[in-house]
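For this one, chain V is given, so just place chain X on it according to the hints.
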Amino acid sequence: MSMRLSFFSGLATAAVAVTLYPLFAGSSWLWSSLGAILLIIATGLLATRYRLPGWLTPLAQLTVLWVYLTASFAADDAWARIVPTRDAFFTLAELTARGFDDIQRFAAPVPDNPGITLITAAGVGLIAVMVDALAVRARRAALAGLPLLALFIVPAEIVAEPLAWPAFILAAAGYTGLLAADGRERVGRWGRAVLVRRTRGTARPAADAGGLRLSGKRVGVTAIALAIVLPALIPTLEPNPLFGFGVGGPGNGRNGNTISIPNPIVSLKGQLTLPDNATVLTYRSSDNLPHYLRMWSLDLFTGEQWTMTPPTGRPQDRVENGPLPPPPGFRAGVPTKRAQMNIQISEDIDDLQFLPLPYPATEVGAEGDWRADRSTLMVFSTRDYAEGLQYTVTSDQPAPTRDLLQAAGPPGPEVVERYLELPPDLPPRIRQLAREVTAEEVTPYDKAVRLQEWFTGDGNFSYNLQTQGHGNSALIDFLINSRVGYCEQFAAAMAVMARVLDIPARVAIGYTGGTNVGGTWQVGTHDSHAWPELYFEGVGWLAFEPTPAGALGQGTARPPDYSVPPPDDPATGDATSDPSESASPDETTSTADPTAPRNPRLEDREGTLAPVVTEEDPPVAPRIGAGVALLVLLLLVPALVRTLARSRRLRTLNRPLPDPGPPAVRLGPGAPADGTAGITGAPAERADPADRTGHPMAGITGARTGQGDARARHYAAGVAAAWAELDDLLYDYGVTRDPSETPRTLAQRVSQQHGFDPKATESLRHITTVAERMLFARTPGDPGLLSVDLRRVRRALAATAPRGRRIRATLMPPSTLRRLRALGTRLLDGWDRLESLRLRRPRRTTP
Amino acid sequence: MAVSHDVGQLEDLVATAHRIRQAIESVIEGKSDVVRLTMTVLLAEGHLLIEDVPGVGKTMLAKALARSIDCPVRRVQFTPDLLPSDITGVSAYNQQTREFEFKPGPVFANIVVGDEINRASPKTQSALLECMEEHQVTVDGTTYELDSPFMVIATQNPIEMEGTYPLPEAQRDRFTARIAMGYPEPAAELEMLDVHGAASPLDKLEPVATTAEIKALIEAVRSVYVSHPIKRYAIDLVAATRTSPDLRLGASPRSTLQLVRAARAHAAMSGRDYVIPDDLQDLAIPVLAHRLLPSVEAQGQRRHPEQVVADLIRRVPVPDAQSAAGGAPPRRGAGPRQ
Numbered sequence: 001m002s003m004r005l006s007f008f009s010g011l012a013t014a015a016v017a018v019t020l021y022p023l024f025a026g027s028s029w030l031w032s033s034l035g036a037i038l039l040i041i042a043t044g045l046l047a048t049r050y051r052l053p054g055w056l057t058p059l060a061q062l063t064v065l066w067v068y069l070t071a072s073f074a075a076d077d078a079w080a081r082i083v084p085t086r087d088a089f090f091t092l093a094e095l096t097a098r099g100f101d102d103i104q105r106f107a108a109p110v111p112d113n114p115g116i117t118l119i120t121a122a123g124v125g126l127i128a129v130m131v132d133a134l135a136v137r138a139r140r141a142a143l144a145g146l147p148l149l150a151l152f153i154v155p156a157e158i159v160a161e162p163l164a165w166p167a168f169i170l171a172a173a174g175y176t177g178l179l180a181a182d183g184r185e186r187v188g189r190w191g192r193a194v195l196v197r198r199t200r201g202t203a204r205p206a207a208d209a210g211g212l213r214l215s216g217k218r219v220g221v222t223a224i225a226l227a228i229v230l231p232a233l234i235p236t237l238e239p240n241p242l243f244g245f246g247v248g249g250p251g252n253g254r255n256g257n258t259i260s261i262p263n264p265i266v267s268l269k270g271q272l273t274l275p276d277n278a279t280v281l282t283y284r285s286s287d288n289l290p291h292y293l294r295m296w297s298l299d300l301f302t303g304e305q306w307t308m309t310p311p312t313g314r315p316q317d318r319v320e321n322g323p324l325p326p327p328p329g330f331r332a333g334v335p336t337k338r339a340q341m342n343i344q345i346s347e348d349i350d351d352l353q354f355l356p357l358p359y360p361a362t363e364v365g366a367e368g369d370w371r372a373d374r375s376t377l378m379v380f381s382t383r384d385y386a387e388g389l390q391y392t393v394t395s396d397q398p399a400p401t402r403d404l405l406q407a408a409g410p411p412g413p414e415v416v417e418r419y420l421e422l423p424p425d426l427p428p429r430i431r432q433l434a435r436e437v438t439a440e441e442v443t444p445y446d447k448a449v450r451l452q453e454w455f456t457g458d459g460n461f462s463y464n465l466q467t468q469g470h471g472n473s474a475l476i477d478f479l480i481n482s483r484v485g486y487c488e489q490f491a492a493a494m495a496v497m498a499r500v501l502d503i504p505a506r507v508a509i510g511y512t513g514g515t516n517v518g519g520t521w522q523v524g525t526h527d528s529h530a531w532p533e534l535y536f537e538g539v540g541w542l543a544f545e546p547t548p549a550g551a552l553g554q555g556t557a558r559p560p561d562y563s564v565p566p567p568d569d570p571a572t573g574d575a576t577s578d579p580s581e582s583a584s585p586d587e588t589t590s591t592a593d594p595t596a597p598r599n600p601r602l603e604d605r606e607g608t609l610a611p612v613v614t615e616e617d618p619p620v621a622p623r624i625g626a627g628v629a630l631l632v633l634l635l636l637v638p639a640l641v642r643t644l645a646r647s648r649r650l651r652t653l654n655r656p657l658p659d660p661g662p663p664a665v666r667l668g669p670g671a672p673a674d675g676t677a678g679i680t681g682a683p684a685e686r687a688d689p690a691d692r693t694g695h696p697m698a699g700i701t702g703a704r705t706g707q708g709d710a711r712a713r714h715y716a717a718g719v720a721a722a723w724a725e726l727d728d729l730l731y732d733y734g735v736t737r738d739p740s741e742t743p744r745t746l747a748q749r750v751s752q753q754h755g756f757d758p759k760a761t762e763s764l765r766h767i768t769t770v771a772e773r774m775l776f777a778r779t780p781g782d783p784g785l786l787s788v789d790l791r792r793v794r795r796a797l798a799a800t801a802p803r804g805r806r807i808r809a810t811l812m813p814p815s816t817l818r819r820l821r822a823l824g825t826r827l828l829d830g831w832d833r834l835e836s837l838r839l840r841r842p843r844r845t846t847p
Numbered sequence: 001m002a003v004s005h006d007v008g009q010l011e012d013l014v015a016t017a018h019r020i021r022q023a024i025e026s027v028i029e030g031k032s033d034v035v036r037l038t039m040t041v042l043l044a045e046g047h048l049l050i051e052d053v054p055g056v057g058k059t060m061l062a063k064a065l066a067r068s069i070d071c072p073v074r075r076v077q078f079t080p081d082l083l084p085s086d087i088t089g090v091s092a093y094n095q096q097t098r099e100f101e102f103k104p105g106p107v108f109a110n111i112v113v114g115d116e117i118n119r120a121s122p123k124t125q126s127a128l129l130e131c132m133e134e135h136q137v138t139v140d141g142t143t144y145e146l147d148s149p150f151m152v153i154a155t156q157n158p159i160e161m162e163g164t165y166p167l168p169e170a171q172r173d174r175f176t177a178r179i180a181m182g183y184p185e186p187a188a189e190l191e192m193l194d195v196h197g198a199a200s201p202l203d204k205l206e207p208v209a210t211t212a213e214i215k216a217l218i219e220a221v222r223s224v225y226v227s228h229p230i231k232r233y234a235i236d237l238v239a240a241t242r243t244s245p246d247l248r249l250g251a252s253p254r255s256t257l258q259l260v261r262a263a264r265a266h267a268a269m270s271g272r273d274y275v276i277p278d279d280l281q282d283l284a285i286p287v288l289a290h291r292l293l294p295s296v297e298a299q300g301q302r303r304h305p306e307q308v309v310a311d312l313i314r315r316v317p318v319p320d321a322q323s324a325a326g327g328a329p330p331r332r333g334a335g336p337r338q
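Chains as they are written, first to last, in my numbering: chain V, 1 to 847; chain X, 1 to 338.
Worth flagging that the hints you see were computed from the coordinates, not collected in a lab.
Treat the hints loosely; a few may be bogus.
Said to hold, decoys possible - Below, simulated DMTMM-like cross-link-like pairs (lysine to aspartate or glutamate); rule was C-alpha separation at most 25 Å, straight line: (1) Lys-231(X) x Asp-709(V); (2) Lys-231(X) x Asp-738(V); (3) Lys-103(X) x Asp-52(X); (4) Lys-759(V) x Asp-278(X).
What the hints assert, rightly or not - Derived coverage of chain X by chain V (criterion: at least 3 residues anywhere in the stretch with Cβ under 8 Å from a Cβ of chain V; other residues may be distant): (5) 88-101; (6) 225-234.
What the hints assert, rightly or not - From the derived model, a few chain V residues whose C-beta atoms are all more than 10 Å from chain X: (7) Phe-24; (8) Leu-230; (9) Gly-333; (10) Gln-406; (11) Pro-413; (12) Thr-742; (13) Leu-775; (14) Arg-778.
C-beta atoms are modelled at their ideal positions from N, C-alpha and C, and glycine is treated no differently.
In isolation and in its complexed conformation, chain V is listed as follows (with noise of 0.2 Å):
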């Protein structure tokens, strides 16, 4: 009965779990989830088959789901290698747990260890079992397509690559034909018709089901090819071309990626546990010194993780421009560093399209549309990719005296809200943590010494790449009870500490300073690297290393100068001149900057549609009023289609004869043109030939000889216009055509129906009769003046059809969408045959 059902349940299921192909390494994961799809589907075809009631057919299922799991990951502690046991329990929970450490520990390519396919197997298996019990059992084939979008849901949640569009046909098709059997199921229940013949040829049952079926299956391509099609053509997503799936608000929630770039974080794992350092990016730099580059900013901290507010990069933003926009919170007179450095990106860089910088950056020479977003000055582009690109950077890294920092102000409200926001559930343990770090000291900026301290030094931390985790528990984790982890952890732990000590902290992730081959310095994947910025009001942003450093932390990391404690009792002479500059009234030049950190919220409002904003050089307005222009020129387009059929029409209606020759005569009826006429069936000609589009009687008139011939010709296209024209009409003003009328009862029922005055009935009526000749009779004879005849035709429709039609008909003329819809039949008819090349048993309902 609904054998069928359990069958494209089971192929849907399927569909939808290759579609996890971009999170592992190997195969075998699939294998092993097919293995239990087919399983799960043959406990399905066997329940229906011997009638088990609905809810026990999950149950089995699942016993089953069980017995496989444990045949195939725990056979040795199985009895009889099937029959799953106690100990076969443990060790599947142990693979389990393997697993789910290994899926925390690598990034997106897994490789399919045990573990990992044990727990896609078992994943898979499930959402067979559910979508077989929603889809058969309960016969909601329709709500089984949430289990499936859970499954879809999991590729496109973790893996930063928009997924390949043949995957998401695949999976689409998947779900329309378990739909598809659902209706195939259900219109089978109708039954038979009452009123079948049963006295000669076949009873069919339903006939109509097979017309259902068509415009199902047709509705479904369509819906497919257009969820492809759509957004290809739409140009806003052209950043994130098809599918860029994992976008979502800031913050939003677990292991969301908040932006269309790699999740920083995960990539940045994964980088560091490649197990080869592959070079990514060599430069040059003037004072030959290493420098932290960094590519992305997180300001964000959700109590799960470090994310980043969108960045917004506006055309006057262009880093071709000229400076970058000033640091922010960096004033004048506190001495800096100049460092210029010249960048060499690997050509294996794939999708890089934020540029590694030394902060702050202050010029930055580089090819393409690269903007620098003014609040973190991260630089980027929504176009180019950083991938083999060489550019040049001037930074001018503040180097702050001791004293200049410890008597740093409080920071601005803008920076208030946007860095020091913590999460309400922050645990306690970890502020009273903080606290207790620092209790010693008094101004902010020591705080911040001695928190870097604390993680390099007594805080007894060790640097250990084998951690996992995010979050509130983990950061407990890794401050209070195992302490160890590796840049991830103690950057994060330290921007959350500096927040907890109203320190206002973000994390940086890029790369450190690579090490010296010969004057060039090498940045690999094992240079990936985050750490803390801290910001002080008149220096700005300035980075902390509380990752230890060395053999045995991260290698090339090195605490920046300031932020290591003095040896002795700090020198402060030579610096208090600059804080007595500096502790002027700050307001006065920092109201007007600028760099002023914006509600990043309200800014970023599209941020979460296209994540990466890029504002364009005209405002909003004229953009707006362009995209409406252009839609209003593409809703005119049916109308002008149907305008231009038309004069063309008229065209075709009004060509003088071809040979003048002697006048036409009228000709009567059953008087042909040159006194005979043989009957000789010729074949028919196309009267119109720019109506070639399928009328089928278009110019069926006998043949005619000798000078007949051509004028013969020449009515016959004339009518076929006029008859092409007048069709065109009645559709556009709602009039539709019943398949059985001929044009004589057409003609009758409209100027009827339509109250037409004698005048346009009778032109209507001269009109249908010329097309009867033209379509039935042996010559067409002369149509006349049909151009008025038309033309009275339209003036007495558009009298007495309602406003709304009557714009509809000039503006969005139906027949123009007729021809639409016809060229769509027509190509799905195309589908159709394609679909038919299958070899495939006839038809046949189950009784």
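Relative to the frame of chain V, chain X by itself:
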């Protein structure tokens, strides 16, 4: 076959047909449709079956038509004891010439009115029906050609009436069209009372056309042009009766032929030298319905073949059903159910 046909011929036809119709209508009140159909059948060289309850003017119609044309007319009253030879004629022994001599029966006329044909025995019925199809009579091994034009107008009572032998399907098929007279309108009936009150109007009826004229008209009808799409349409219509689930028996190929022939006559009477779908639509019910047998289900629903044919006309697309300007191609599933 190059056919010369001029305007005059067609106009003659229209005029003559009009005269005959007027003549008949002076006798039969308010039945112009029936009269027109009768004329159509005459010009299409067909035979007409008039079926209705007694007393609505079946015989009157037949007689009026016969009277309007100046041609030999015979009337046969079918009774249960009528023999085949009473229709075809007999070979009688002539004692003077000492030879068998053929005495032609009533079928040797241009118009034969078979009154209450279903009262005769099947054997006698079939004798007439053979003449209808073959246009000849064979008696004692000698074949006698019938005159042209030859038209049989048979009347019959509905089969529910007592003492009738219903015509078998095969024999009904020989009639081009079947019409029902129907009761007259009250006004027409009133006029009938006035006119028929004094004397029979039939007596006053003078012939308005000659046999030669009718022959010429028939010739003109033959030359009416039937385009290929119209032929297809006729075939589609007839084929639809064969696949309709409401019918046990569809229409025969002979009916296609007769339908197109009648459509020619119909077109010619409208002054057209070509057939249009409307001709076929107008004639489909009288030409097709009497040949069809409804299925058990349709009978159960009291759906008459007439209704079924009307449905089919509504369902079969006319040749120009598709829009002229590349409109939607015919949808699958449209038209008759296959």
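Point to revise | Satisfaction of hint between Asp-709(V) and Lys-231(X), Cα-Cα up to 25 Å | key: holds (23 Å)
Point to revise | Cβ separation check - Gly-333(V) to all of chain X, threshold 10 Å | key: holds (78 Å)
Check your understanding: Does the structure keep Lys-759(V) and Asp-278(X) at a Cα separation of 25 Å or less?
Key -> holds (23 Å)
Practice item. Beyond 10 Å from every chain X Cβ: check whether that's true for Thr-742(V). Key: The claim breaks: Thr-742(V) does not keep its Cβ more than 10 Å from every Cβ of chain X (closest is about 4 Å).
Review point. According to a criterion of three or more residues whose C-beta lies within less than 8 Å of a C-beta of chain V, is the stretch 88-101 of chain X covered?
Key: It is violated, with 0 qualifying residues against the three required.
Check your understanding: Going by Cβ atoms, does Gln-406(V) stay more than 10 Å from chain X at every point?
Key -> holds (83 Å)
Practice item. Would you check the hint for Lys-103(X) and Asp-52(X), treating anything up to 25 Å between C-alpha atoms as holding? Key: Given that 25 Å is the threshold and the Cα spacing comes to 33 Å, the pair is violated.
Exercise for review: Find the nearest Cβ of chain X to the Cβ of Leu-230(V) and say whether that gap is larger than 10 Å.
Suggested key: holds (24 Å)
Point to revise | Given pair status - Asp-738(V), Lys-231(X), alpha carbons within 25 Å | key: holds (20 Å)
Point to revise | Given coverage of the stretch 225-234 of chain X by chain V, checked by CB-CB distance under 8 Å (3 or more) | key: holds (count 5)
Point to revise | Given as non-interface: Phe-24(V), which should sit over 10 Å from chain X by C-beta | key: holds (45 Å)
Review point. Looking at Arg-778(V) again, its CB stays over 10 Å from all of chain X?
Key: Label violated. Min Cβ-Cβ 5 Å, cutoff 10 Å.
In summary, the numbered hints that this structure violates are 3, 5, 12, 13, 14.
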